[in-house]
Amino acid sequence: MMILGLYNYWIVVVLMMIGLYIVIAHGNLVKKTVGLNIFQTSVFIFYISLGKVDGGSAPILAEGVNLYSNPLPHVLILTAIVVSLATTALGLAIVVRIKEAYGSIEEEKIQMEDNKEC
Amino acid sequence: MKDLFAVAMLSGIYGLLSASLFVTMDAVDVAFTEASVGAGISTLLMLTTVAMTGRSENTVRHKPVLALVVVFVTGALLIYGTLDMPYFGDVQAAANLHVAPRYIQDSFQEIGVDNIVTSVLASYRAFDTFGEVVVIFTAGIGVLALLTFTRRPKGDTEINSLNDSMHEQYLIVRIVSKILIPFILLFALYVQFHGDFGPGGGFQAGVIFAAAIILYAMLFGMSVARRVINQSFVQLFAAVGVLTYGSVGVASMLNGGNFLDYDVLSDDPVAGQHLGILLIELGVGIAVATVVIIIFFNFAGRIGFSKREGNKE
Numbered sequence: 410m411m412i413l414g415l416y417n418y419w420i421v422v423v424l425m426m427i428g429l430y431i432v433i434a435h436g437n438l439v440k441k442t443v444g445l446n447i448f449q450t451s452v453f454i455f456y457i458s459l460g461k462v463d464g465g466s467a468p469i470l471a472e473g474v475n476l477y478s479n480p481l482p483h484v485l486i487l488t489a490i491v492v493s494l495a496t497t498a499l500g501l502a503i504v505v506r507i508k509e510a511y512g513s514i515e516e517e518k519i520q521m522e523d524n525k526e527c
Numbered sequence: 013m014k015d016l017f018a019v020a021m022l023s024g025i026y027g028l029l030s031a032s033l034f035v036t037m038d039a040v041d042v043a044f045t046e047a048s049v050g051a052g053i054s055t056l057l058m059l060t061t062v063a064m065t066g067r068s069e070n071t072v073r074h075k076p077v078l079a080l081v082v083v084f085v086t087g088a089l090l091i092y093g094t095l096d097m098p099y100f101g102d103v104q105a106a107a108n109l110h111v112a113p114r115y116i117q118d119s120f121q122e123i124g125v126d127n128i129v130t131s132v133l134a135s136y137r138a139f140d141t142f143g144e145v146v147v148i149f150t151a152g153i154g155v156l157a158l159l160t161f162t163r164r165p166k167g168d169t170e171i172n173s174l175n176d177s178m179h180e181q182y183l184i185v186r187i188v189s190k191i192l193i194p195f196i197l198l199f200a201l202y203v204q205f206h207g208d209f210g211p212g213g214g215f216q217a218g219v220i221f222a223a224a225i226i227l228y229a230m231l232f233g234m235s236v237a238r239r240v241i242n243q244s245f246v247q248l249f250a251a252v253g254v255l256t257y258g259s260v261g262v263a264s265m266l267n268g269g270n271f272l273d274y275d276v277l278s279d280d281p282v283a284g285q286h287l288g289i290l291l292i293e294l295g296v297g298i299a300v301a302t303v304v305i306i307i308f309f310n311f312a313g314r315i316g317f318s319k320r321e322g323n324k325e
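Those protein sequence lines, which keep their order, are chains A and B.
Quick note: the first sequence uses this note's numbering, first residue 410, plus one each step.
Quick note: the second sequence uses this note's numbering, first residue 13, plus one each step.
One or more of the hints may lead you astray.
Within a straight-line C-alpha distance of at most 20 angstroms, the following computed SDA-like cross-link-like pairs (lysine to any residue) qualify [as the list claims (entries may be wrong)]:
{"hint": "1", "chain 1": "A", "residue 1": "Lys440", "chain 2": "A", "residue 2": "Glu515"}
{"hint": "2", "chain 1": "A", "residue 1": "Lys441", "chain 2": "B", "residue 2": "Phe17"}
{"hint": "3", "chain 1": "A", "residue 1": "Lys440", "chain 2": "B", "residue 2": "Ile25"}
{"hint": "4", "chain 1": "A", "residue 1": "Lys441", "chain 2": "B", "residue 2": "Lys75"}
Quick caveat, the hints were computed from the structure, so don't treat them as lab data.
Let the hints inform the model, and build the full structure from the sequences given.
Below you can see the structure in the form of structure tokens.
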């Protein structure tokens with residue numbers, strides 16, 4: 410029971426490692442972006458799970474409720490999600506430009522094109 | 013998985029699932045944002061990118077065994093690190109003892125807003141949020157710089173009108189969503205101004221508002237949408253949103269307070285806080301909505317462009 414109380418972190422670690430594996434092992438740039446997104450979401454879940462309090466309610470003041478979950482991680486992650494949208498969009502925009510410049514979004518082919526020019 | 017279309021759709025489902033996970037952990041505001049961003053807009057952007065870059069993936073992996081070893085070692089170390097962490101749901105955890113009790117106990121007297129997340133976001137940590145809005149604005153400028161046309165190719169209108177006539181097939185979808193769009197816009201405004209009392213606020217409202225406009229653009233064709241929504245007007249408003257936020261800060265400085273200290277905006281500190289939060293949430297909403305619209309229009313405008321470039325080659 411003691412050690413099972415940490416399961417939220419394990420879920421975070423597993424998700425984070427899935428994201429990391431995708432970023433390392435896949436050559437496709439769109440898939441790398443998906444991997445980064447999964448990594449990001451694992452960090453979001455980490456923060457939110459830190460703020461969760463047993464028996465607490467959502468941090469909106471109401472009568473008859475005394476225990477609330479920690480609102481601070483919620484604020485940090487709320488803004489982080491919208492920023493992640495903006496950065497994902499920027500990353501995908503760069504992917505689109507790479508496709509136009511190199512005709513491919515596979516890492517090996519881009520590297521080959523680069524080597525040819527040298 | 014080789015098909016990138018399926019990958020994009022699965023990542024949308026993943027976004028929705030993580031949103032429901034956030035609800036179970038009491039983070040309703042966060043879940044709201046994740047549902048609209050992760051399941052909605054970012055899936056859409058991924059699909060437009062896939063439409064431009066091709067659906068299939070090269071199946072060759074870089075040294076998968078080595079990558080697996082790295083991932084497993086890192087994961088094992090991280091899990092070893094978690095053994096020192098506080099248990100899930102622990103009230104006595106260090107994260108819950110620092111400033112959180114103060115926010116929960118005093119925020120109603122100081123700010124007068126039911127939703128603690130809103131009062132922390134827009135008042136206690138307003139400077140933080142300002143930085144965040146500027147980051148979003150900068151990303152919008154970056155997408156503009158990367159994807160805008162410098163010149164409009166000839167024959168553009170012809171191809172667009174072809175696209176528009178193709179949309180006639182989806183008559184039912186068009187009519188139904190035409191009815192729905194005003195309600196989505198209305199809901200966005202409700203979320204915007206109800207953020208003080210329930211889950212909601214500028215970030216979520218901005219994304220929902222932009223989603224309604226994107227829905228319109230998808231169903232009625234880009235050329236019609238461009239005529240309805242003037243792009244330079246949208247770009248101007250992105251700047252107006254950020255400026256609204258900043259000028260609230262300057263206004264409170266002119267009234268003798270600190271930057272973004274709303275107490276001085278009105279005779280009564282709580283009324284001043286209300287006014288300040290309302291104004292900056294409005295700024296956030298405008299900035300987020302316009303930046304998301306800018307991003308989508310530039311991505312979608314690029315689709316036709318890439319295809320034509322491809323044909324030339």
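Checked hints:
1. A/Lys440 / A/Glu515: 10 angstroms, holds
2. A/Lys441 / B/Phe17: 14 angstroms, holds
3. A/Lys440 / B/Ile25: Holds, at roughly 16 angstroms.
4. A/Lys441 / B/Lys75: 15 angstroms, holds
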